[in-house]
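Use the sequences and the hints to build the structure in full.
Residue numbers (our numbering), protein chains in the order written: chain A, -9 to 149; chain B, -9 to 149; chain C, -9 to 149.
Treat the hints loosely; a few may be bogus.
[Stated by the list, open to error] Taking lysine-lysine and the DSSO-like style, the derived pairs with C-alpha atoms no more than 27 Å apart in a straight line are:
no. : chain 1 : residue 1 : chain 2 : residue 2
1   : C       : LYS47     : B       : LYS82
2   : C       : LYS121    : B       : LYS87
3   : B       : LYS65     : C       : LYS57
[Claimed, not checked] Residues from chain A that face chain B, not an exhaustive set, calculated with beta carbons under 8 Å:
no. : residue
4   : ILE14
5   : ILE15
6   : GLY18
7   : ALA19
8   : LYS47
9   : LYS70
10  : ASP83
11  : HIS88
12  : VAL90
13  : ASN144
14  : VAL145
15  : LEU147
[What the hints assert, rightly or not] Where chain A lies over chain C, by a calculated footprint (3+ residues, C-beta under 8 Å):
no. : segment
16  : 7 to 15
17  : 32 to 44
18  : 79 to 87
19  : 140 to 149
In case anyone wonders, no lab produced these hints; they're calculated from the structure.
All C-beta atoms, glycine included, are put in the ideal place defined by N, C-alpha and C.
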Amino acid sequence: MSEQKKTNIVLFSGDYDKAMAAYIIANGAAAYDHEVTIFHTFWGLNALRKDEDIKVKKNFMEKMFGKMMPRGVNKMGLSKMQFAGFGPKMIKDVMKKHNVMPLPVLIEMAQEQDVNLVACTMTMDLLGLQKEELLDEIEYAGVAAYLGEAEDGNVNLFI
Amino acid sequence: MSEQKKTNIVLFSGDYDKAMAAYIIANGAAAYDHEVTIFHTFWGLNALRKDEDIKVKKNFMEKMFGKMMPRGVNKMGLSKMQFAGFGPKMIKDVMKKHNVMPLPVLIEMAQEQDVNLVACTMTMDLLGLQKEELLDEIEYAGVAAYLGEAEDGNVNLFI
Amino acid sequence: MSEQKKTNIVLFSGDYDKAMAAYIIANGAAAYDHEVTIFHTFWGLNALRKDEDIKVKKNFMEKMFGKMMPRGVNKMGLSKMQFAGFGPKMIKDVMKKHNVMPLPVLIEMAQEQDVNLVACTMTMDLLGLQKEELLDEIEYAGVAAYLGEAEDGNVNLFI
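Have a look at this one:
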């Protein structure tokens, strides 16, 4: 049991393409029987946001962050070739054509494979994100919990 | 033999400076007798593109991606201080002055030191890149092969 | 003694939020009794710059880089939501409200916890940064020293 390999990914980026890379690696590692954790921090939290507009009490600053950040993965942009918003559409079109799973499906698949999806509580606080706004059945933790996993990790990545 | 240390780098970024960092670390690790692999995925594939315009059959979308992405490392931009295209020229000038090897030389050196240069086949498909357009003597593989290497890696980085 | 765990972070990015993530992980790892090193390279060197304008002899190119790069962490921008310069101010305001330590305090704390702050000498040369311009009591080294640490690292990250 203690011999199970571990993959720990910090997903810091809020870019669609980088989140895809994180989830493709995570799903691959889970298929290889690794214990896999994706620790979502800063803009990476947006990958865990629900699509719909959840009503929660926020102060002015939190409302602003909430409005400015993408609500869910389908609103995320690309790290390159954003092209005034056309880039993500183009990538999604070619993904469909090549039968590459889009990000929402990759996230579902990760949940089915028991990948631990963790939201960083400190940055949730900072950006004013509340549990109601994030996907169900995820975990909440801080940097200490991340390090507890990572120090025994075989593959540690910051994306 | 099984004691040989391993360095595995995922090069996701298509920025000149980040690719330089990847290749400097890779060459250093190879000089330290590590078994070194650079797994080029997404925009990082552009580091493996040949300079010249290779004629291959592409559909409309693939042609567009092909035109918009830099053809070879000399066309790549910087992650910071791009300055409407002047940044890369400035960096290359100071590199020359300080006898720092430019990226094409770093890549040649990596090949001479037997660094495994791998192109991610899934993202090649996505971006419509074909083998004829990439450097000779590289390898082609998917995320499973990457994970097979990375799970025994001493140094795993995502760049 | 040889059992002490090791965390090695390459800080390549010059973004305030990414540097924060690096220093939060570093301080956490130090609190967990890891031996921690942050290797500052390329734009990450700006996190080590002193606030004040230090008079050193520079050539034209070095002066230009010096002027264009942020002088110290308080001038650094964000990787996302820069908003014409308002983003960093917004983040700093919410950090204050939530009692999250700002970057200069995180760096001081790292120094107090004996985190090894290393400046990459090759990129200092490239960008024309001189020791007088960087924080006191840091170390200077190249990629070989980084790899010497990283190959025994438990947590290796490229940020």
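Against the structure, the hints come out as follows:
no. : hint                 : verdict
1   : C:LYS47 <-> B:LYS82  : 22 Å, holds
2   : C:LYS121 <-> B:LYS87 : 20 Å, holds
3   : B:LYS65 <-> C:LYS57  : 25 Å, holds
4   : ILE14                : 6 Å, holds
5   : ILE15                : 6 Å, holds
6   : GLY18                : 4 Å, holds
7   : ALA19                : 6 Å, holds
8   : LYS47                : 37 Å, violated
9   : LYS70                : 5 Å, holds
10  : ASP83                : 7 Å, holds
11  : HIS88                : 5 Å, holds
12  : VAL90                : 6 Å, holds
13  : ASN144               : 5 Å, holds
14  : VAL145               : 5 Å, holds
15  : LEU147               : 4 Å, holds
16  : 7 to 15              : holds (count 5)
17  : 32 to 44             : violated (count 0)
18  : 79 to 87             : holds (count 6)
19  : 140 to 149           : holds (count 6)
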